[in-house]
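Number of protein chains: 2
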Amino acid sequence: MKVCKFGGTSLASAQQLKKVAAIVQADTSRKIIVVSAPGKRFDQDIKVTDLLIELSTAALTGQDIQKPLRQVMERYEQIARELNLGNEVVTLIENDFLQRLLADPSHPVLFADQLKAGGEDNSAKLLAAFLDSLGMSADYINPLEAGLVLNDFPDRVRVMPHSYERLSSLRKKETISIFPGFFGFTESGRLRTFERGGSDITGSILAAAVKADLYENFTDVDCVFAANPKIVENPIEIQQMTYREMRELAYAGFSVFHDEALMPAFKESIPVCIKNTNNPEAAGTMIVAERQHSKRPVTGISADSGFSTLYVSKYLMNREIGFGRKLLQILEDEEISYEHIPSGIDNLSVILRNHQLSPGKEARILHRVKHELEADDVHIRGDFSMVVLVGEGMHNTVGLAARATDAIARTGANIEMINQGSSEVSLVFGVLKHDEEKILKELYKEFFSPVYSY
Amino acid sequence: MKVCKFGGTSLASAQQLKKVAAIVQADTSRKIIVVSAPGKRFDQDIKVTDLLIELSTAALTGQDIQKPLRQVMERYEQIARELNLGNEVVTLIENDFLQRLLADPSHPVLFADQLKAGGEDNSAKLLAAFLDSLGMSADYINPLEAGLVLNDFPDRVRVMPHSYERLSSLRKKETISIFPGFFGFTESGRLRTFERGGSDITGSILAAAVKADLYENFTDVDCVFAANPKIVENPIEIQQMTYREMRELAYAGFSVFHDEALMPAFKESIPVCIKNTNNPEAAGTMIVAERQHSKRPVTGISADSGFSTLYVSKYLMNREIGFGRKLLQILEDEEISYEHIPSGIDNLSVILRNHQLSPGKEARILHRVKHELEADDVHIRGDFSMVVLVGEGMHNTVGLAARATDAIARTGANIEMINQGSSEVSLVFGVLKHDEEKILKELYKEFFSPVYSY
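Protein chains in written order, with full-length UniProt numbering: chain A, 1 to 454; chain B, 1 to 454.
Don't take each hint at face value.
No copy is singled out in the list; a pair is fine if it fits within one copy or between any two copies.
[Claimed, not checked] Straight-line C-alpha distance at most 25 Å; calculated PhoX-like pairs for lysine-lysine:
id	residue 1	residue 2
1	Lys314	Lys326
2	Lys19	Lys40
3	Lys326	Lys370
4	Lys173	Lys267
5	Lys230	Lys441
6	Lys326	Lys361
7	Lys370	Lys267
8	Lys125	Lys19
9	Lys326	Lys267
10	Lys40	Lys67
11	Lys18	Lys125
12	Lys441	Lys295
13	Lys267	Lys314
14	Lys125	Lys47
15	Lys314	Lys211
16	Lys433	Lys445
Hints are computed from structural coordinates only; laboratory data are not their basis.
Generate the whole structure from the sequences, applying the supplied hints.
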């Protein structure tokens with residue numbers, strides 16, 4: 001059986017729901033359908049989730065809630081009308097939102113969670129009603145009853161391990177299950193939501209729970225491209241890649257998936273396929289545990305800006321057992337996670353994302369490194385970009401680093417950092433932000449244009 | 001004024017002491033002379049320090065001490081005889097060793113220290129007597145009286161900060177001070193020695209204490225070469241390099257200096273010159289705090305084997321604040337210092353020296369990483385070599401990494417690890433041991449042969 005997840009654009013309008021229905025109907029193994037809230041119909045449109053955030057803010061601050069509630073309901077009403085679903089489901093949805101507005105407002109975060117989750121929940125009810133109207137046997141599934149159990153507030157939300165056992169019974173259902181993404185419930189029945197984009201996680205959890213043959217993730221692109229199509233003209237499509245490649249690409253700019261979304265599927269080695277609701281015939285991109293190496297050593301190239309480096313030097317640093325650990329402890333005290341730690345003999349740099357820093361944190365870090373670690377020099381530089389070459393075949397390709405560094409040299413850019421050697425599937429370059437685009441283009445040319453590659 | 005340190009080969013024979021005397025006489029600013037124990041006169045010869053270790057072992061284990069003591073005394077006697085110094089100094093030296101043999105044997109390490117230190121101490125007395133006999137006004141300096149104070153047993157030996165103040169009075173002496181290297185005394189008057197090669201440290205401490213204009217380190221090579229002359233034919237001489245370059249080169253195979261030796265000189269920015277006792281006219285290699293960049297971006301290339309990598313992978317590792325710190329804590333618990341930590345997205349490697357590992361440590365580390373850090377995969381690989389390109393001019397040379405990786409690709413070898421980006425003066429490659437030599441040769445050709453370079 002297959003678990004299919006449809007993203008916001010796939011549920012944005014009646015026309016889109018018809019495409020979803022056709023996709024579900026075309027393959028009887030598509031038995032579990034996870035849905036997002038209705039997304040944008042056009043570029044300037046507002047997602048239902050954003051309308052719901054507005055509604056919850058209005059309710060919490062004592063402002064008028066009629067207008068934002070109307071905006072939300074209009075989206076559902078319009079879809080129901082155009083699909084000829086009648087008033088029953090619309091009333092059901094409206095009552096649901098009114099019920100949510102009565103929730104306890106003393107925890108603003110939990111109150112907002114209640115409203116936001118309504119986007120997905122009612123999207124699921126609407127799709128179930130539509131499939132039913134088409135004569136397909138489909139049930140809306142309540143995550144509380146189905147057993148999608150989350151840990152308790154206020155810890156960072158995560159799924160509890162026993163959820164998988166409970167959710168596995170969905171496998172036995174004869175009918176098609178329509179499951180709202182994005183939220184679950186604590187043991188005590190309190191609703192909590194994942195981070196934004198969390199419907200991908202719900203789909204991944206369900207795929208793992210029912211041990212699906214495939215987790216199909218429907219979005220609005222045909223596939224994952226080997227490089228950002230906004231920068232590289234007509235990049236090639238990636239037909240297949242491994243989880244590791246996906247993760248390494250996602251690190252710097254490939255935002256197809258929410259960061260943690262693939263974890264449950266990864267743990268059960270369930271293949272994932274990224275497909276296009278608007279063009280379901282396209283093969284899409286398969287993400288698998290292992291794949292045969294292609295002739296091309298590089299699978300994709302990603303690039304992202306917004307990195308800083310914390311540079312620390314101290315004479316005889318590398319004789320000092322515990323130096324690195326103490327430095328990382330200082331970062332941990334500031335709740336900072338880091339990306340890389342390139343090191344010389346008496347110095348090291350910590351590469352981290354700019355959003356991890358603030359003037360206060362920077363000042364405290366610099367002070368502590370200088371005084372507690374007695375560093376000779378410590379400073380922070382911003383304006384870095386990371387460019388990452390990813391490919392399972394890279395590790396044993398002699399001369400690959402030479403081709404990459406040659407290509408970068410051709411652009412006239414300086415390489416600030418190189419990190420290779422752990423993952424075996426990636427080669428990371430730190431460059432100055434203003435060099436990022438030209439480097440990405442030249443690397444793409446080197447590894448993917450027909451003249452240069454294999 | 002200048003502080004001069006002479007190594008073991010410079011004091012191995014009467015002929016060598018004559019060279020030392022000529023060097024001291026040639027420049028009146030050479031006022032403080034630090035000496036090692038007599039070293040090897042020929043390839044199969046035994047250093048006096050090794051004879052003294054034998055002597056101390058014999059004394060501690062109740063074996064015959066006459067023969068090893070004879071061997072030691074013969075070395076000093078022969079030098080004294082050939083320099084026509086008469087019996088007085090020989091008797092002084094013999095009494096000194098006999099006195100040392102009466103030391104308290106209950107601490108075998110301290111007992112051995114007493115005997116080993118006699119090598120340098122009596123070398124200093126002999127040189128002072130010889131310079132005196134030449135009409136040069138020279139005094140043997142007792143480190144206890146001069147105030148070279150060390151921390152207490154059993155902590156790792158290091159100089160106490162107030163030593164510098166006490167030793168600074170040597171600057172005022174009219175006569176030439178002959179100072180034995182390698183040892184000092186605790187506040188309570190207990191003798192302790194530095195690690196082997198520690199006379200370099202004594203010289204560096206004295207240079208810092210008297211704020212010398214130059215610290216001349218006399219050895220048996222004309223200079224430091226840009227690459228190991230045992231592997232590269234006729235490598236060029238390095239005329240000048242910075243402390244940083246020296247440190248980075250020393251890291252992988254350039255063993256001109258004891259690791260910590262330059263620290264005191266470095267802190268006072270005292271220039272260091274490596275010179276040849278057997279060819280004092282050669283300019284030698286200057287080690288300075290800062291230098292003008294030469295046209296050549298690379299100053300030297302070193303290579304060393306004996307490295308291992310500890311590889312750890314865990315899905316979503318880089319979202320987990322504290323992961324790296326916990327890993328380093330496990331290594332710290334095993335008293336292991338590491339060299340580099342190249343990292344991918346969900347994995348990292350720790351590069352460390354093989355001698356830091358043992359089967360027991362490896363097993364404990366693997367077990368803890370697997371279970372405490374819940375790693376998906378962890379393993380250790382040996383047989384790595386590190387090849388390091390060093391040069392102050394490297395950082396801003398566009399295309400340098402490309403030239404280096406091209407050169408390595410020409411050898412057909414695979415690059416296992418690249419680390420660049422912190423030090424700005426080095427580029428480190430991890431390669432398999434069996435590829436080390438050919439890579440070193442090719443990199444030398446690329447950056448130093450007249451055809452290729454600048």
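Hint by hint, here is what the structure shows:
| no. | hint | result |
| --- | --- | --- |
| 1 | Lys314 / Lys326 | both (13 Å within a copy, 22 Å between copies) |
| 2 | Lys19 / Lys40 | within (16 Å within a copy, 88 Å between copies) |
| 3 | Lys326 / Lys370 | both (12 Å within a copy, 22 Å between copies) |
| 4 | Lys173 / Lys267 | within (24 Å within a copy, 75 Å between copies) |
| 5 | Lys230 / Lys441 | within (11 Å within a copy, 44 Å between copies) |
| 6 | Lys326 / Lys361 | both (16 Å within a copy, 22 Å between copies) |
| 7 | Lys370 / Lys267 | between (42 Å within a copy, 16 Å between copies) |
| 8 | Lys125 / Lys19 | within (17 Å within a copy, 97 Å between copies) |
| 9 | Lys326 / Lys267 | between (33 Å within a copy, 23 Å between copies) |
| 10 | Lys40 / Lys67 | within (19 Å within a copy, 95 Å between copies) |
| 11 | Lys18 / Lys125 | within (15 Å within a copy, 100 Å between copies) |
| 12 | Lys441 / Lys295 | within (21 Å within a copy, 31 Å between copies) |
| 13 | Lys267 / Lys314 | between (42 Å within a copy, 11 Å between copies) |
| 14 | Lys125 / Lys47 | within (18 Å within a copy, 89 Å between copies) |
| 15 | Lys314 / Lys211 | between (52 Å within a copy, 22 Å between copies) |
| 16 | Lys433 / Lys445 | within (20 Å within a copy, 34 Å between copies) |
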